[in-house]
Each structure stands twice: as C-alpha cells, then as structure tokens.
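For reference, the chains in residue letters:
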Amino acid sequence: MKRLNVKNFNSILSPLEEDLLQLLWPDKSMKVKELYDILKKQKKKAALSSVAVILDRLYQKKVVDRKIETAPGGVRYIYYPKKNQKQFEASVVENAVNTLINKFGSTAVNYFNERFSKRR
Amino acid sequence: MLHEILRLTETFLNSPFKMYISLLSVLFAITTFVLIKRVQKNRFKVLFIYLHLFFLILPPFMFAFSLGCDMNVLSGLISNCAIKVTETVIYTGIGAIILSVLIGYFVMPKLFSSKNTKKLKEKTILRFVNKEAKKLGIKTPKVFLIDDAKPDAFSYSTISSSIFISVGMIELLSKKELEAVLLHEFYHVHNRSSLYKFSTLILRIFSPLSRFASFNKDLDDEEAAADNFAIEKQCTNKNILNAKKKINLFFSSC
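Chain order of the listed sequences is H and L. Its first residue numbered 279, the first sequence is counted upward by one per residue in the numbering used here. Its first residue numbered 4, the second sequence is counted upward by one per residue in the numbering used here.
These are calculated hints, taken from the structure and not from any lab test. Misleading hints may appear alongside valid ones.
As the list claims (entries may be wrong) - Label pairs and their computed distance ranges (CB to CB): (1) H:Phe390 x L:Leu244: 54 to 64 Å; (2) H:Lys345 x L:Lys248: 24 to 34 Å; (3) L:Ser255 x H:Lys345: 23 to 33 Å; (4) L:Leu139 x H:Asp343: 31 to 41 Å; (5) L:Phe47 x H:Ser292: 45 to 55 Å; (6) H:Asn388 x L:Phe157: 49 to 59 Å.
Said to hold, decoys possible - Calculated cross-link-like contacts (lysine-lysine; reagent style PhoX-like; alpha-carbon spacing at most 25 Å): (7) L:Lys122 x L:Lys153; (8) L:Lys241 x H:Lys340; (9) H:Lys306 x H:Lys339; (10) L:Lys249 x H:Lys318; (11) H:Lys309 x L:Lys178; (12) H:Lys306 x L:Lys153; (13) H:Lys309 x L:Lys153; (14) H:Lys311 x L:Lys241.
Bear in mind that the values here come from a model prediction, so they are computed numbers and not experimental data. Just so you know, even glycine gets a beta-carbon here, dropped at the ideal spot from N, CA and C.
Whenever a hint applies, use it, and build me the whole structure from the sequences.
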C-alpha cells in the first residue's frame, strides 16, 4: 500500500498515526494491545499509552471508529477504520482546498480554474 | 413597622433565656467546627459539619421566629405561634430527609450515568468487587463502565454506592494494577468520601468559619489513605504505583 507523503501540509498525520492507520487499512479490526504488539515487532518505539492516545485521537478525528468488547479478564476497544485510504486522502484534499478558498477567496478559485484548464 | 422591629429586637436581646441559648449555640458551633478537623473518620466529620451548621443557624432562626411570633400575636393574625414554629421545623426536617433520599437514590445516579456510562458486565471485575465488599462487610457497590479512552475511575456513596471505571483504565492496566485502583475506590466508598466532600462544599457556602480552615489537605490525606489501603490489601505498593505511572504517561502523551 502506498504510504502517505504529504509534506506540503505540515504533517496531516504524525508518524505513529500513519503507522496505526497503515495497520488498520483497508478494513481490519484490532485492539490497542494487538496494534502495540505489532509495532513492537516492527521495532517502532511507542508506549502502550501512546498507542491508546493516538487511536483515541484518530477516533475524535473520525478517521477510525471503535466498539467496546467485553471478554473474560477485561473490557477493551476494538478499532476499525471509518474511512479507507482513498476516502481519507479525499477528505484531506477537501479540507486543504476549503482552507485555501476560505483564506484567499477568489484568488484561490481563479488559480484552481487556471490550473485545471491547463491540465485539460 | 421598622419601629416595631427595632422594639422586638430589643426585647429579644433583653431576654436572658434567648441570649443564653444564642451564646451556647455559637459556642457549640465553634466547638463542632474544631472537632471537624480533629476527628479521623469521615462519618464523624460529616456529623460535626451538620451539627456546626445547625448551631450556627439556630440563633438567627430563633430571632426570626420570635420576631414573627411577636408581631403575629400583636397583630392578632395568628394565635398559636408555638404550633406554627413546631410545624415548620417538622415539615422542613421531613422535607429535607425526603429530598436527601430522592437526590441520593435517583438524581445522583442519573447525573453520573449521563457520562456515557452503562453497567459493567465483565464477570472477573464484578467477582473481585463482590469479594472485596464481603470482606469489608459493606453492600456491593454497583460498577459502571465509562465509554472513554482516557483512564478514569471514581466513586460515590449516598444511599447506594457506585464505582465508575473507564474502558481506557481497564485497557491500560494489568489485572493487579486494576485491582489496586478498585481497592483505592473501595476505600472511598467505605469511608463515604463523596459525602464528606459534598458536606465540606455545603460548609464552605454557609459557614463563615470555613474561611479560617482549609479542607484541601484533608482531601489529599484521603487520597493518600486510599492508596495505603490498596497497598495494605495487596501487600505491595508496586501495583498502585505502576497504575499511577501509566495514567500519568497517558495524560502526558495527550
């Protein structure tokens, strides 16, 4: 799967966010501990609490969703992607375009028109 | 009207019996306030808080009623003031008890349940809570699960007791560390810490003497005692310390 590389927008995702999403895409469901164990095997430095924090952050950003699983010995979240990679990339682009239009108004719109007419 | 009030005030102040009761009340109010800080157990602290408030409001209460009674007798509107006073005290007392039961049993659980909570169904945790409640000789508190990734645990005890614990807390900690946190909350349930905290709030609102004392140290001591309770039960401080470390690490990563 192609890794995200969006340097132009000053880190849309932190490295750990990207690593976790790469593990969950396209449609896997995993627990915090499972994701932490995989990252550990890949020799990526991250504490269990950091993985939990990042997954919660992705949940708040509505990139992933979660459900509670009650099993013998405990209760845990199962995280799964709300958007696949294509949908996520589309939402990033949409947010970026909306930000430019809100900030620069007609200048941004004219630029996009010129740019897209040249591509044709 | 004002002249009448001033005259009746003078009558009140010149009544040896009423002044004696008022002075005794103030003395008891000061004594009970000192005792709040001296006793160890929360149930006695709470008792002294409400006794202090009672003795504090008794003199103005007596003054207001004597004023009312005298004026009513003078105007001839109400003939039997003593019955009115007794009725008011009884209805207020019964009303306060009923309100406390309603708040403790119905309102408080609803207030806390609104925080994305539902009853915990996980058997291992429930078995542990049941076992520890039996050891302490208290009614098993209800355990609620908070749907939140942040590690959180708290309890309250009014008519019924409840412990709240978040999914994040259960995910983050090992079995023994989680038990340490639950034992910490058990201490608060057994010691009626939430009732004491609520009572100090009432005290701070209604008692001018509370300006001269701080209850923050009491609450810190309460937390330390709850940790010590967990350490004593598990015969090690490793679990409670590791739990705190993991919780702090979580929040420092946010």
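For each hint, the structure was consulted:
Between Phe390 (chain H) and Leu244 (chain L) the beta carbon distance is about 57 Å. The supplied range of 54 to 64 Å therefore holds. At about 29 Å, the beta-carbon gap between Lys345 (chain H) and Lys248 (chain L) stays in the expected band of 24 to 34 Å. Remark: the range hint 23 to 33 Å for Ser255 (chain L) to Lys345 (chain H) is upheld by a beta-carbon distance near 27 Å. Separation of Leu139 (chain L) from Asp343 (chain H) is about 40 Å and conforms to the stated range, judged on CB atoms against 31 to 41 Å.
The beta-carbon spacing between Phe47 (chain L) and Ser292 (chain H), approximately 52 Å, falls within the hinted interval of 45 to 55 Å. Roughly 56 Å separates the CB atoms of Asn388 (chain H) and Phe157 (chain L), a value that falls within the hinted 49 to 59 Å. With a C-alpha separation of about 18 Å, the suggested pair Lys122 (chain L) and Lys153 (chain L) falls inside the 25 Å cut-off, and the hint holds. A distance of roughly 37 Å separates the Cα atoms of Lys241 (chain L) and Lys340 (chain H); the hinted pair therefore is violated under the 25 Å criterion.
For the hint pairing Lys306 (chain H) with Lys339 (chain H), the CA-to-CA distance comes to about 18 Å; that is within 25 Å, so the pair holds. As the CA atoms of Lys249 (chain L) and Lys318 (chain H) are separated by approximately 18 Å, the hinted pair is consistent with the 25 Å bound. Distance check on the hinted pair: Lys309 (chain H) and Lys178 (chain L) sit about 17 Å apart at the alpha-carbon level, within 25 Å; holds. At most 25 Å may separate the alpha-carbon atoms for a hinted pair to count; Lys306 (chain H) and Lys153 (chain L) meet this at roughly 23 Å.
Our distance criterion of 25 Å between C-alpha atoms is met by Lys309 (chain H) and Lys153 (chain L), whose separation comes to about 15 Å. Distance restraint check for Lys311 (chain H) and Lys241 (chain L): the Cα-Cα separation of roughly 22 Å lies within the 25 Å cut-off, and the hinted pair is therefore satisfied.
The structure shown violates just one earlier hint, number 8.
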